[in-house]
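Peer 1: Construct the complete structure from the given sequences, taking the supplied hints into account.
Protein chains in written order, with my numbering: chain A, 101 to 506; chain B, 101 to 506.
Keep in mind that a hint or two might mislead.
Identical copies go unnamed one by one, so any copy, or any two together, can satisfy a pair.
As the list claims (entries may be wrong) - Calculated pairs, SDA-like style, for lysine to any residue (alpha carbon to alpha carbon, straight line, at most 25 Å): (1) K424 / S170; (2) K353 / P249; (3) K353 / G104; (4) K424 / L203; (5) K424 / W489; (6) K353 / F195; (7) K424 / Q476; (8) K424 / T413; (9) K424 / A309.
Derived from the structure by calculation, the hints contain no laboratory data.
Protein chains: 2
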Amino acid sequence: MSFGFQLEATAGAARAGTLNLPHGTVPTPAFMPVGTHGVVRGLSAADVRRTGARIILGNTYHLHLRPGESIVRDMGGLHRFTGWERPMLTDSGGFQVFSLEQLRTISESGVEFRSHVDGTWRRLTPERATEIQWDLGADIAMAFDHVVPGGAPRELAEEGMERTLRWLSRCREEHERLANGRTGAQAHSGDASTSSPAGRAPVRPSARAPQTLWPIIQGGTYDDLRLRSLEGILARGPWTGIAIGGLSVGEPKPVMHRVLETLEPGLPREVPRYLMGVGFPADLLEGIARGVDLFDCVAATRNGRHGTAWLPTGRINVRGAALKGSTEPLDPECDCETCTSVSRGYLRHLFVVEDMLGMRLVSIHNVRFLVRLGEQARARILDGTFDRWRREWLERHRPSAVPAEP
Amino acid sequence: MSFGFQLEATAGAARAGTLNLPHGTVPTPAFMPVGTHGVVRGLSAADVRRTGARIILGNTYHLHLRPGESIVRDMGGLHRFTGWERPMLTDSGGFQVFSLEQLRTISESGVEFRSHVDGTWRRLTPERATEIQWDLGADIAMAFDHVVPGGAPRELAEEGMERTLRWLSRCREEHERLANGRTGAQAHSGDASTSSPAGRAPVRPSARAPQTLWPIIQGGTYDDLRLRSLEGILARGPWTGIAIGGLSVGEPKPVMHRVLETLEPGLPREVPRYLMGVGFPADLLEGIARGVDLFDCVAATRNGRHGTAWLPTGRINVRGAALKGSTEPLDPECDCETCTSVSRGYLRHLFVVEDMLGMRLVSIHNVRFLVRLGEQARARILDGTFDRWRREWLERHRPSAVPAEP
Chain A
101 MSFGFQLEAT AGAARAGTLN LPHGTVPTPA FMPVGTHGVV RGLSAADVRR TGARIILGNT
161 YHLHLRPGES IVRDMGGLHR FTGWERPMLT DSGGFQVFSL EQLRTISESG VEFRSHVDGT
221 WRRLTPERAT EIQWDLGADI AMAFDHVVPG GAPRELAEEG MERTLRWLSR CREEHERLAN
281 GRTGAQAHSG DASTSSPAGR APVRPSARAP QTLWPIIQGG TYDDLRLRSL EGILARGPWT
341 GIAIGGLSVG EPKPVMHRVL ETLEPGLPRE VPRYLMGVGF PADLLEGIAR GVDLFDCVAA
401 TRNGRHGTAW LPTGRINVRG AALKGSTEPL DPECDCETCT SVSRGYLRHL FVVEDMLGMR
461 LVSIHNVRFL VRLGEQARAR ILDGTFDRWR REWLERHRPS AVPAEP
Chain B
101 MSFGFQLEAT AGAARAGTLN LPHGTVPTPA FMPVGTHGVV RGLSAADVRR TGARIILGNT
161 YHLHLRPGES IVRDMGGLHR FTGWERPMLT DSGGFQVFSL EQLRTISESG VEFRSHVDGT
221 WRRLTPERAT EIQWDLGADI AMAFDHVVPG GAPRELAEEG MERTLRWLSR CREEHERLAN
281 GRTGAQAHSG DASTSSPAGR APVRPSARAP QTLWPIIQGG TYDDLRLRSL EGILARGPWT
341 GIAIGGLSVG EPKPVMHRVL ETLEPGLPRE VPRYLMGVGF PADLLEGIAR GVDLFDCVAA
401 TRNGRHGTAW LPTGRINVRG AALKGSTEPL DPECDCETCT SVSRGYLRHL FVVEDMLGMR
461 LVSIHNVRFL VRLGEQARAR ILDGTFDRWR REWLERHRPS AVPAEP
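Peer 2: Given below as structure tokens:
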């Protein structure tokens, strides 16, 4: 079977499982590095494989703009395009287009937005977002959702949540149509009002693995809206996975934790849960403790490019003068390519002389740091020591602390 | 024996040999990638190893300014600093400081120059250049030479050549002093007029492999000056290698070829010859045909960062619209990491979205292209088919041509 999830152990709400996808299996909990443009910024597919990542995420919005989904499709799909042969998930573009603020207008049919690349107006609808992801050919496609800002008032949060449910039905319908191989104009129209008579070469089965579609729970910071969203999603099911969106968008951490705790008992046990856009190291452990199986976040590579590295004790800026001449590894406890091959002093030197290798090496460490955190959590869940380990880990980890240097 | 060269075969003036150095052997002819700041720009030591490079070059001028030779020395030398365990050669800084033009003054004792990093005035003398390279700890150190511009008049070329010989004696004396372990103030003074009473921790033998010093032939484009330079060098020998400097600095290619042909018969057969700062692919083959064993040049990585890739048929700009959607490898004949893992269309996409991975992947290809050219030339020399192969290769290779694309 192409899509499946085996739950192997639990420790409180924390879960260890295995996600089966057409391009491979993903032991969970797991962190997914973000491959914005079909590439994890600055890293090759081989670099990412060496971090131990088993699944990566691609951004539909960015790939739609460049190179365009038809190019990716004609080149054999995202896996062949990027050289990443393991599982891949694409977001729906919802989060990106709703972040454009002044550059988009929303209606029931979809979103009109201005490309940040060339200023052209474009249109994303549930059908188009599904079709684009179909062309990209990821293992997992996400439903197109209406995302509202972190502090959104109840009315707006409710509107976004309800619309996301209606759009989910349209995404599902379109996804089934594509999966059933109907390639007529109707199947490929952007939405009901525009037809797309231009024919398309049928995709050969060899170039296209099966794809599954996951829904997204919305509802802002309102517990009852979140529960209604979940209810509506389950009513439209079954699903092979369920995502939680619209968190880590400015609300306080305790609020995010409360929403996760509210949702947890109602989420089907035998389906993986994906917390979108999260997180930092501590967020991973807090999410795992509340039953989350999958995470993604750009912070690992964004911080890496700025020279900020995560350590078990907190974080460190690699540019710091204290690292000059240091022969210590960046993180003596880490097994990544960076920590096992170069010193802090060399990394600092790379940032001082502005060689891009520095950005790459710190990104590799940060990605490995989160991937390994998932691996460690999994091992602790399997051997029954997760809760104590998590508490000790979080006590030791001081996100704002810079370790004292001689 | 730490330093040695075995000549294995010749084909006309072309030579195949093996250079033995403390950190490994180097089959020749060979291209040395340039590691300006102790890093081949944008590439990790592992990346460079995967190109098949057996030796790289570090720039004394750049490493003296950042991080400073004392930092590198205290961190265990360039090999440990950079994670590159194979042989390494450092230039003397002569070429760089003489390139500063308005920012330096020359005297018999040495060169005063202004740092391009912080504007401070610094001093490089034969003794200092030797001492810095000793601290850096490369396998091969280069003598400090007076480099003159490409079109230099005879008088200036003669002055530079004669001074380079006098400086060679001072470099050799200083190098012997360092090698004999004399660590007193005299041994570490910048030059005779300044003493350096500050003590230095003796370097443990384990951190320091033996180092050899190579002289540099100067004399501009004047055959008789070149021969006098060679004569003066041989009189100050013996040497484990001899470099030819001051070429590929603006003079026409036929002039460079003539100088190489003039020198070739007088160069000791059993010593490797290193043509500094050369070359492009065709330059390698022309140099090999005229008896050169070693080359270095920044063009491979500089072109790579600009998206220009070498191909057997010429070169190509990876940004070109013609590459959009192409599933072909960059160079179908190449075995590098880039050509065996991604397509032209993906490389173009990386440059379009300005992901630094593109610069890295094209740099890897270009370095491998030159390393492989050395390997191919060696195989052809060994099997006696070098001359014909070289002629055919050069006929096919059109440096300015961009291959036609559909």
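Peer 1: Next step is simple, just say for each hint if it's right about the structure.
Peer 2: Hint check results:
no., hint, verdict
1, K424 / S170, "between (48 Å within a copy, 11 Å between copies)"
2, K353 / P249, "within (15 Å within a copy, 64 Å between copies)"
3, K353 / G104, "neither (31 Å within a copy, 65 Å between copies)"
4, K424 / L203, "neither (45 Å within a copy, 28 Å between copies)"
5, K424 / W489, "neither (33 Å within a copy, 50 Å between copies)"
6, K353 / F195, "within (20 Å within a copy, 57 Å between copies)"
7, K424 / Q476, "neither (31 Å within a copy, 42 Å between copies)"
8, K424 / T413, "within (20 Å within a copy, 46 Å between copies)"
9, K424 / A309, "between (49 Å within a copy, 24 Å between copies)"
Violated hints, listed in ascending order, are 3, 4, 5 and 7; each of the other numbered hints is respected by the structure.
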